[in-house]
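Asks: Each chain, letter by letter, is given below.
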Amino acid sequence: MAKAILRYEQGSLVLLAEASAAVEKLPGFKWDTRTHTWRAPAHAYRDIVIEAVKEKLPLADEARQYQALPLQLREPIVPREHQTAALQAWRHQNSRGVVSLPTGAGKTILAVLAIALIQRPTLVVVPTIDLLQQWQGILERYFVGSIGALGGGQRHIEPITVATYDSASLYIETLGQRFGFLVFDECHHLPAPHYQMIAKAAIAPFRLGLSATVERSDGGEELIYQLVGDLCYEGQINEMVERVLAPYDVVSVEVPLKESEQEAYQQARQIYTQFIRRHRIDFSGPQGWQEFIKKSAVLPGGREAMDAYREQKRLAQGAQGKIDELWRILQKHRGDRTIVFTQDNAMAYLIGRMFILPVLTHQTRPKERKRLLEAFRQGGVDVLVTSKVLNEGVDVPEASIGVVISGSGAVREHVQRLGRILRHQEGKRAVLYEVISKNTSEYYVNQRRRNHHAYQRPTQVHHTRG
Amino acid sequence: MLTKDLLKYTTRGDKVHPKYLNPTDAALVALARELEDIFQLQVGSKQRDLDDRLKQHPKAGDAVFQGLCKLLEDRCEFGDLEDTIEEQRWQWMEKARQLRLAGFEHFSAFQQVLAAEIGQPFADIEARLFADLPEFRELTRFQAYGAERLVHRYNLAQVQGLLLRASKVTITVRDADLLSRRRLLQKLRFCRLLAEFQEQREHELQIEISGPLAIFEQSQSYGLRLCQFFPYVLLFQDWSLEAELRLGEKHLQLQLDGKKPIRSHYQSFTGYIPEEFQEFIRVFNALPSADRSDWVVEEGRACLNLGQESYCMPDLTFKHPSGGERHIELFHRWHARDLRRRLDSLRAKDAESLVFGVAQELKKDTELESWLAGKQQKGVSVFTFRQFPTVKAILTYLGKVKVVSGVV
Chain V
8 MAKAILRYEQ
18 GSLVLLAEAS
28 AAVEKLPGFK
38 WDTRTHTWRA
48 PAHAYRDIVI
58 EAVKEKLPLA
68 DEARQYQALP
78 LQLREPIVPR
88 EHQTAALQAW
98 RHQNSRGVVS
108 LPTGAGKTIL
118 AVLAIALIQR
128 PTLVVVPTID
138 LLQQWQGILE
148 RYFVGSIGAL
158 GGGQRHIEPI
168 TVATYDSASL
178 YIETLGQRFG
188 FLVFDECHHL
198 PAPHYQMIAK
208 AAIAPFRLGL
218 SATVERSDGG
228 EELIYQLVGD
238 LCYEGQINEM
248 VERVLAPYDV
258 VSVEVPLKES
268 EQEAYQQARQ
278 IYTQFIRRHR
288 IDFSGPQGWQ
298 EFIKKSAVLP
308 GGREAMDAYR
318 EQKRLAQGAQ
328 GKIDELWRIL
338 QKHRGDRTIV
348 FTQDNAMAYL
358 IGRMFILPVL
368 THQTRPKERK
378 RLLEAFRQGG
388 VDVLVTSKVL
398 NEGVDVPEAS
408 IGVVISGSGA
418 VREHVQRLGR
428 ILRHQEGKRA
438 VLYEVISKNT
448 SEYYVNQRRR
458 NHHAYQRPTQ
468 VHHTRG
Chain B
5 MLTKDLLKYT
15 TRGDKVHPKY
25 LNPTDAALVA
35 LARELEDIFQ
45 LQVGSKQRDL
55 DDRLKQHPKA
65 GDAVFQGLCK
75 LLEDRCEFGD
85 LEDTIEEQRW
95 QWMEKARQLR
105 LAGFEHFSAF
115 QQVLAAEIGQ
125 PFADIEARLF
135 ADLPEFRELT
145 RFQAYGAERL
155 VHRYNLAQVQ
165 GLLLRASKVT
175 ITVRDADLLS
185 RRRLLQKLRF
195 CRLLAEFQEQ
205 REHELQIEIS
215 GPLAIFEQSQ
225 SYGLRLCQFF
235 PYVLLFQDWS
245 LEAELRLGEK
255 HLQLQLDGKK
265 PIRSHYQSFT
275 GYIPEEFQEF
285 IRVFNALPSA
295 DRSDWVVEEG
305 RACLNLGQES
315 YCMPDLTFKH
325 PSGGERHIEL
335 FHRWHARDLR
345 RRLDSLRAKD
355 AESLVFGVAQ
365 ELKKDTELES
375 WLAGKQQKGV
385 SVFTFRQFPT
395 VKAILTYLGK
405 VKVVSGVV
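Residue numbers (my numbering), protein chains in the order written: chain V, 8 to 473; chain B, 5 to 412.
Isolated chain B, as found in the complex (with noise of 0.2 Å):
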C-alpha cells in the first residue's frame, strides 16, 4: 500500500484523476527490473543496508521510484529482532553511568575502561547497544512481481490509496456468469465490509460499500480490506466505480472504469484468502484427526441455492471421510440485516447442512439476542465469536454434529 505522500493525482472541478504509469514505456520497466534485483540481491543483509543502497541510486528522490519501493517493501520478509538487547543495553548503560559520574577527561579513556569492565572490546559493546532498531532486521525473503507487474501493481495502489479516503464506494460488475457474480459477493463478505448489493438488470451486480471514512471504529484495518477486496472488482471485464473522497478540505469524486489501465495482482477468486482463515484453516487441519473426529477444513467454495433467488456462499467448509459436510457462514457486526434475512427465509432441510457463526457485537442486541434464541429452539444451529471463531467452538459444536451425507 502507498502512504499519502506517495498519492499521484490531479484534480479537475470535483473530480480527481490518479495518475497512472504506462507499463509499456522502457524505461519505467527498466527501473522497475533494476529495484526488483536489488531487493533480491539484498536477501540477507540488513534493512539498513537496503536502504542504503536504495538511498544512492539516482533517482531516489524521485516519487515513482519511492513509490515503487514501498510496493517492494511490502513484498519483504524480515527476521526477528533480538529481544535479549534491551536488557544487555540497561545494564550497560548503567555500567557507563557509574564510570561517567567517576569522570574522565577524554571518552576515549572512558571507553577503553568501560570496554575492560564489561569483558568485551568497545566496537562490540558500540555495534551491538541499538541492533534491537528495525534497521537492523535482516531481509529473509522477497517475493518480486515481474517488472511489468510491478508496474501495473502501482497503478492499482494509487487507486487504492485513494480508496482509503472514500466515504462511499459503488461499484458495478457486469458479467454473465452468475457464479462469477456470486464469488465477488462471498469476497465482499470475506472482506467484512459494510455493504448493500442489488441486480437491477440482467447480468449486472451493483454494491455499494460505505467507505472507512464512513466508519468510526477501526477505521484504518476496514480501509485496508477494502482494498485487498478491490482487485477482486477487476477480476472482470466490464466494471465501472464511483468513490466519493475527502481529500484534505475537498469532497471529491473518483469513477473509474474497465478501461483504465488498471490491472489486478490476483490471479483470480482464490487469490486472496484473509489472514485469520488461513491461520484457522491451518490450526485446525493440524490437529490429530481423532481431535477433530476426521472432520477437514477448507475456505467456502460452494454457492447455495437456498431458493426464493436466495444464495449462500459460506465462508468455511467441513468436510468429513463419510461424505457429510457442513457449511459455516459467519455474520460480522454490520451484517444484522443480513443475518435477519437468512434465518428468515432458512428451509429446514438447507438448517441441517448450515451453521451460523455471529459476531459477539450483534447479539448486544437484546432484541436480536431473543429472535436468535427462538431460531435456535426451531433447530437453527448458531454459535458466537468474538474477532473470528476459535477451533474449540468449532469442535464443540462438531462433536454434536451425527455425520451423514447431505449436500445442499
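Only chain V is shown next, with the shape it has when bound in the complex (with noise of 0.2 Å):
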C-alpha cells in the first residue's frame, strides 16, 4: 500500500492517502470540499498515529515538527507527597489531564517536574506578561538554555517557550506543530472562544491543564477535560492546611448600610427586581444574566431597571459603613502584610487616597510596578489596595491578610483570592476578611459561596454596629 502522508496545515491534519480505506481506519477526518483533501483537528494527531500504528497503516509523518529534548533539572527538586502524587496520576492518564490544586500549593513546579519527564519541545500558556515573566525566571533556574517567550512584546520561540492565552491564540496555527507538551496554566481561561483554538490547532500529543478553580458556572470545565485530558488530581485547600499551606481564618465581617443608603439601595433594588419580575426573568440557570442584558436593552424599563441594578450594587460595594471598617482592620493588623482587594478601580483609588494607601492596577506603570511588589515583598510597604490585577497568580507570599472590600460574587475570584495569602510560612497565620453590607444582595452571595470546601472550617462571623 502506498504510504499516506500527514501534513500539518494551519491548524489542521491533511491527510494525502490514495486509498480511502487508509482514512477510514484514522479518526477524525472528514472530506473537505473546498480543498479536496482529508483533514482534521491537530488535537486529534495523538489518536491518528496511534491508530495508524495499530492498523499498520504506512504514514509518512511530515505533520511532527520537533524531536525529543533531552532535558536535565540543574538543580534536583524533591517534590512533595501531593506533587508526586498527582505526577503520578497524570502519568497514569498517558500524561494528558488537569490537575487542580489550590494556590500556593506548587503548580508550577509540578510543572517543571512534568517538562523533564516528558522530554519535548514545550509550551506554556498562561493569562497576563507577569505569570509569563514568573514561569520564565523559575524554568530559566530549572533548565540549561534560553527560555523563550510570546507576549508582551516579546516574541522569539525557544523549545521550552512561555505564552500568554492572547499571544498563542494568535499565533497557534504557524505553532502548532513544534511542541510536544503543551501546559495551561489557569487553564479555567482555556473554554474562551479565541482560547480553545490553542487547544485545537496544536498536534502536541502531551498536555497538562493547572488551575485552583476548573469548575465554571457555564460548565466550560467539560471542554477542557476534552481538549487537555480529564481531572487527574484534586487537592483542596482544607486538606492541605498546615501541611502545605498557611493555616487560615476567614472572618466575614457585616456592617450595615447608613439611613440614607439603605433608602437608596431599597429604590433601586425594587425598581431592578420589579423589572425582573414582570419579564419573568430566571437567575436560577446560567443564561439568567444574558437575558437580563438582551431584556434590558429592547423592553420599556430595562434601562431603568439596568441603571437601578448598577446603582444598588455601587451602594453595597462602596457603603460607608465598609470603609469605616477596613480602617478597624487595618490598625488590628498593623505591620502585617495585608492587600485590599476591590471590585473596581475607582473603589481600589478611593480607599487609597482616603488613608493614603499605594494602589494596584492595570493602569499602574509596570516600572512602579514592578517596586511596589518589590516593596512589599521586603516589607517597605505593607497594605497594597487592587482590583483585580493581584486575583490570579503573581506571588506574593508574604501575604498574610487580605480584606476583600467588594467582589464579582464568584467563588472562583474569592478562592483565587484567598490563595494570595496561603503561601507557607514558618509560623503564618492567614486570615481573609470579606466585608459585606448586611441586609443586600452581597449577603446572599456571601451565603451561597460558604458551601465551597475551602470555606468548610469554622468561620467567624462579626457585625459591626450602624
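Think of the hints as simulated: they come from the structure by calculation, not from any bench. A couple of the hints might just be wrong.
Stated by the list, open to error - Taking lysine-lysine pairs in the DSBU-like style, the calculated list, with each CA pair at most 35 Å apart, reads:
(1) B:K99 to V:K374
(2) B:K396 to B:K379
(3) V:K395 to B:K50
(4) V:K302 to B:K12
(5) V:K435 to V:K377
(6) V:K37 to B:K8
(7) V:K320 to B:K63
(8) B:K19 to V:K302
(9) B:K8 to V:K320
(10) V:K377 to V:K395
(11) B:K74 to V:K377
(12) V:K301 to B:K23
(13) B:K99 to V:K265
(14) V:K265 to B:K63
(15) B:K23 to V:K302
(16) V:K377 to B:K99
(17) V:K301 to B:K74
(18) V:K339 to V:K377
(19) B:K23 to V:K207
(20) B:K50 to B:K23
(21) B:K59 to V:K374
(22) V:K207 to B:K254
(23) V:K395 to B:K99
(24) B:K74 to V:K374
(25) V:K435 to V:K445
(26) V:K395 to B:K74
(27) B:K8 to V:K301
(28) B:K12 to B:K264
(29) V:K435 to V:K339
Make the complex out of the two chains shown on their own, each in a separate frame, by following the hints.
Replies: Structure, rendered in C-alpha cells:
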C-alpha cells in the first residue's frame, strides 16, 4: 500500500492518501470540499498516529516538526507528597489531564517536573504578562538554555517557551506542530472561544492543565477535559492546610448601610427586581444574566432597570461602613502584610486616597508596579490596595491578611483571592476578611459561597453596629 | 481604530458582511454632531471629565455611540502628566505608613495629623496622590471630522478592524491614470507591507498583500500599517477587495468594492505621511543649511522611469539649489526580491541619482550581503539602516556627493 502523508496545515491535519480505506480507519478525518482533501483537527494527532501504528498503516508523518528534547534539571527537586501523587495520576492518564491544586501548593514546580519527565519541546500558556515573566524565571532556574517568550512585545521561540493566552491564540497556526507538550496554567481560561483554538490547533500529544478552580459556572470544564484530558488529581485547600498551605481563618464582617444609603438601595433594588419579575427572568439558570442584558436593552423600563441594578450594586459595594471597618482591620493588623481587594479601580483609588495607601491596578505603570511588589515583599510597603490584578498567579508569599471590600461574587474569584495569602511560611496564620453590606445582595452571595470546600472550616461572622 | 468589541458585522456561510451606518440618516448625523461638540467643549478639561460627560449620555451603552467616541478619541491630543508625582507619592505613603503603625482609632484623626506633618491640607494631598493617572491628563486639542464625515469614518473603521484579522488581502484597482496606480504602489511601500503586484489587464493593478495574521513579528504594527494603506485604495473610483480573515475559530472571506458606502478620509495621495518620514524631514530641514550642504529633503513624489517597464517611486528626494537631485529608495526586511530586481535592472545613468537604503536585517543573509558588495563596487550607492535611516547616515552620504544636475 502506498504511504499516506500526514501534514500540518494552519491548525489542522491534512491526509494525502490514495486509498480512502486508509482514511476510514483513522479517527477525526472529514472530507474538505473546499480543498478536496481529508482534514482532521490538529489535536487528534495523537489518536491518529496511535491508530495508524495499531492498524499497521504506512504513514509518512510530515506534521510533527519537533524531536525529543534531552532535558536535565539544573538542581534536583524533591517533590512533595501531593506533587508526586499528582504526577503519577497524570502519567497514569497517558500524560494528559488536569491537576487542580490550590494556590501555593506548587503547581509550577509540578509542571517543571512534568517537562523534565516528558522530554519534549514545551509551550506553557499563561493568562498574564506578570505570570509569563514569573514562569520564565522559574524555568530558567531549572533548565539549561534560553526560555522563549511570546507576549507582551516579546516574540522569540525556544524549545521551552512561555506564551500568554492572547498571543498563543494568534500564532498557534504557525506554532502548532513545533511542540510536543502543552501546559495550560490557570486552565479555566481555556474554554473562551479564542483560547480554545490553542488546544485545538496544536498537535501536542502530551497536555497538562493547572488550576485552583477548574469548575466554571457555564460548565466549560467539560471542554477543558476534552482538549487537555480528564481531571486526574484534585487537592483541596482544607486538606492541605498546615502541611502545605498556611493555616487560615475566614472572617465575615457584616456592616449596616447608613440610613440614606439603605433608602437609596431599597429604591434601586425595587426598580430592578420589579423588571425581573415583570419579564419573568430566571436567575437560577446560567443564562439569567444574559437574558437580563438582552431584555433591558429592548424592553420598556429596561434602561432604568439596568441603571438601578448598577446603582444598588454600587451602594452595597461602596458603603461608608466598609471604609470604617477597613480602617479598624488595618489598625488591628498593624505591620502585617495586607492586600485589600476591590471590585473596581474607582473603589481601589478611593481607599488609596483616603488612607494614603499604594494602589496596584492595570493603570499602574510597569516600573512602579515592579517597585510596589518588591517593596511589599521586602516590607517597605505593608498594605496594597488592588482591584483584580492580583487575583491570579502573581506570587506575594509574604501576604498574610486579605480584606475583600467588594468583588464579583463568584466563588472562583474568592478562592483565588484567598489563595494569595495562603503560601506557607513558618509561623504564619492567614486571615481573609470579607466585608459585606448587611441586608443587601452581597449577604446572600456570601451565604452561597460558603458551600465551597475552602469555607468548610470554622468561620467567624462579626457584626458591626451601624 | 475600533477595538474588537466595537466591530459590527454579520456572517453568512463563509462570508462576513460589515454593518455600515447610513451617512444620510439625520438622527445619526445629529448624534455625530453632538458628540463632536462635546469633545470640542471639553478641550482644556481633564480626560476624566470628558469620560464622565460621555457616560451621562442616554446612548452611552450603545455600540455605535461607543464606536464614534473611540474614533473621536483618536483625534484628541492630551497633555503630558507630571512625572514627579511618583516620588512625592512614595514619600507621602511612607509617612502615612509610619503614622498608621503608631495607631489611630479613627482615620479622620490620622488624616489631620498626616496633613499637619506634610504641611498641606489633606484635601490637596488626596487630590494630588494619583494625579499621574491617565484620567487626569488634559485634553489639549481636538480635531473634528465634521458630522457626516465622522459617519463615513465609522464605516471605514469597521472594514479596517476586520483587516487587522486578515491573513491575505487582494486588492484590484482600475484606473486609466498610470500615475495614480504608481502612487498607490509607492504608498504600499511607504506602509512597508509585504506584497506582490501585477498588471495583468490594461489599466488594472492587482496587489496581493500578506495580512497581519500571516506575519509573525510585529504583527500589530503591521496591521495598523495595512489599515493606513487601505484608505488610499478608496481614492480610486473602481476598486475591489477580497480578504481572508480569521474571526475566532472561523475562516471567513470579506469581499468589498467601490459600490459599498465607504469613503476615504484622505483627501489625496499626499494625505498620509508615516511618522518616521515626517520626523526625518523635520529634523533634516531644521539643520543649519551649512551642516546639510544646502540640501533640502521632501517626501518622494517622483515617478522615475527606469526602462523595461520598470518604475521607481522614491521614498525621499533631496534637492540642491544648484538643481541637483538625489532620490532615496528604501528596502525593508521583506523586500529582498524587490531589491534584487531593482539593482539587477539598474542602468548606469540612473545609478548616479539613486541611492538605496537597505534594512540591516536584509544583510543578515550573507549571500545577499556579498551580492550587494559586488553592486557597490560597480558604483551603486547603498547604505544600511536599522528602523529608518538616520540623518547622520544621509549626511555622510551627501557629503561625498559632487553636486551635479541630473534628474532621471
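Asks: Give a verdict on every hint.
Replies: Hint by hint, here is what the structure shows:
| no. | hint | result |
| --- | --- | --- |
| 1 | B:K99 to V:K374 | holds (22 Å) |
| 2 | B:K396 to B:K379 | holds (23 Å) |
| 3 | V:K395 to B:K50 | holds (25 Å) |
| 4 | V:K302 to B:K12 | holds (20 Å) |
| 5 | V:K435 to V:K377 | holds (25 Å) |
| 6 | V:K37 to B:K8 | holds (32 Å) |
| 7 | V:K320 to B:K63 | holds (21 Å) |
| 8 | B:K19 to V:K302 | holds (29 Å) |
| 9 | B:K8 to V:K320 | holds (28 Å) |
| 10 | V:K377 to V:K395 | holds (16 Å) |
| 11 | B:K74 to V:K377 | holds (31 Å) |
| 12 | V:K301 to B:K23 | holds (20 Å) |
| 13 | B:K99 to V:K265 | holds (31 Å) |
| 14 | V:K265 to B:K63 | holds (32 Å) |
| 15 | B:K23 to V:K302 | holds (22 Å) |
| 16 | V:K377 to B:K99 | holds (21 Å) |
| 17 | V:K301 to B:K74 | holds (23 Å) |
| 18 | V:K339 to V:K377 | holds (28 Å) |
| 19 | B:K23 to V:K207 | holds (30 Å) |
| 20 | B:K50 to B:K23 | holds (33 Å) |
| 21 | B:K59 to V:K374 | holds (31 Å) |
| 22 | V:K207 to B:K254 | holds (13 Å) |
| 23 | V:K395 to B:K99 | holds (26 Å) |
| 24 | B:K74 to V:K374 | holds (28 Å) |
| 25 | V:K435 to V:K445 | holds (31 Å) |
| 26 | V:K395 to B:K74 | holds (25 Å) |
| 27 | B:K8 to V:K301 | holds (20 Å) |
| 28 | B:K12 to B:K264 | holds (15 Å) |
| 29 | V:K435 to V:K339 | holds (16 Å) |
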